[in-house]
Amino acid sequence: MAPDPYFFLIIFCGVALTFPVMPLALAWLWRRFFQPPKPGPAKNATYECGVESLGEAQIQFHAQFYLYAIIFLIFDVESIFLVPFAVAFTGLPFGAFVAILIFLLLLLEGLVWAWGKGCLNWTK
Amino acid sequence: MAPQIDEGLRSELQKQGIWVTSMQELYNWGRKNSIWPLQFGLACCAIEMIATAASRYDLARFGGEVFRPSPRQADLMIVAGTVTKKMAPQIVRLYNQMPDPKYVISMGACAISGGPFKQGYNVLKGIDRYIPVDVYISGCPPRPEALLHAFMELQRKIDGQRLTGTPKADHLEATHPSEFPVPEFGAHDLQPPANPALFHPPEIHR
Ligand code: SF4
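Protein chains in written order, with my numbering: chain A, 10 to 133; chain B, 681 to 886.
Think of the hints as simulated: they come from the structure by calculation, not from any bench.
Quick list of in silico lysine to any residue cross-link-like pairs, SDA-like style, CA-CA up to 20 Å:
| id | chain 1 | residue 1 | chain 2 | residue 2 |
| --- | --- | --- | --- | --- |
| 1 | B | Lys766 | A | Glu57 |
| 2 | B | Lys765 | B | Leu870 |
| 3 | B | Lys848 | A | Gln44 |
| 4 | B | Lys848 | A | Trp39 |
| 5 | B | Lys848 | A | Phe42 |
| 6 | A | Lys52 | A | Leu63 |
| 7 | B | Lys766 | A | Tyr56 |
| 8 | A | Lys52 | A | Trp37 |
Predicted model only: the values in this text are computed from it and were never measured.
From just these sequences and the hints, can you work out the full model?
This is the structure in structure tokens:
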């Protein structure tokens, strides 16, 4: 009799469970019978190069940083899209051409905005 | 280490292709051949430690090449260099943050006693004032061979640690502390200047 085609899935799940659970179980047994756990205030603290950590990890970035996001979209993400656009330019249907133009237009607005804000000026 | 298996019987069995071992031997064999040091250096000795880890001296031959940048994953702290009083609390804290079993190699004259800077107002006169040291290496700086020797000494020590009975390995003893008090900055010195429970300088009888 041929084995059930889903039988492999059961084996797969079994291995996938055993693999992580076995070391955990062994570690637990080791702790239980040989090595007593020794937690402590420094050991349980956040690690930061040996000094006590300051402040919160969940800080929020200021909304001002949206300008960096705009610049990143224009000069990094857009260029990635421009290359395939340029390669496939002659063979594009009209709809796709319009879609990419709208995309470019949106980013162009961003460029104008960033320019107007003075982000592209060199500070001396 | 007390032999748990008769050596003659064991070699006889080995000739027949049968290997016998004990849990303790297996445990220690695994531990001593993959000692992961904490990646940090303090002064000129650290350069020798780097040389030891690099290809010419190749600490990897002894299983110690995996320098960990976090104490969470380290077994061994190589105190390589001058310990200033400003740095000492951080070192003790890093030691506290390492999980058991953990070992310390005190590398060079500075880490042992303050070395050439012993008279300095800002140099700790030996890291063994605050944390227990397993192997000391003399020298200024010790050559990479000396660090390798210390590493082998440590492996020998690990190999001799017992899993059961007395004396057991320190980290298996429930009463043996895993964290030691971190010194504070005082007006003139670290407070306390040494951990009295740990630091027993040799007495000079005249
Ligand atoms: S023992 Fe010598 S080589 Fe090592 S840190 Fe001290 S001064 Fe430098």
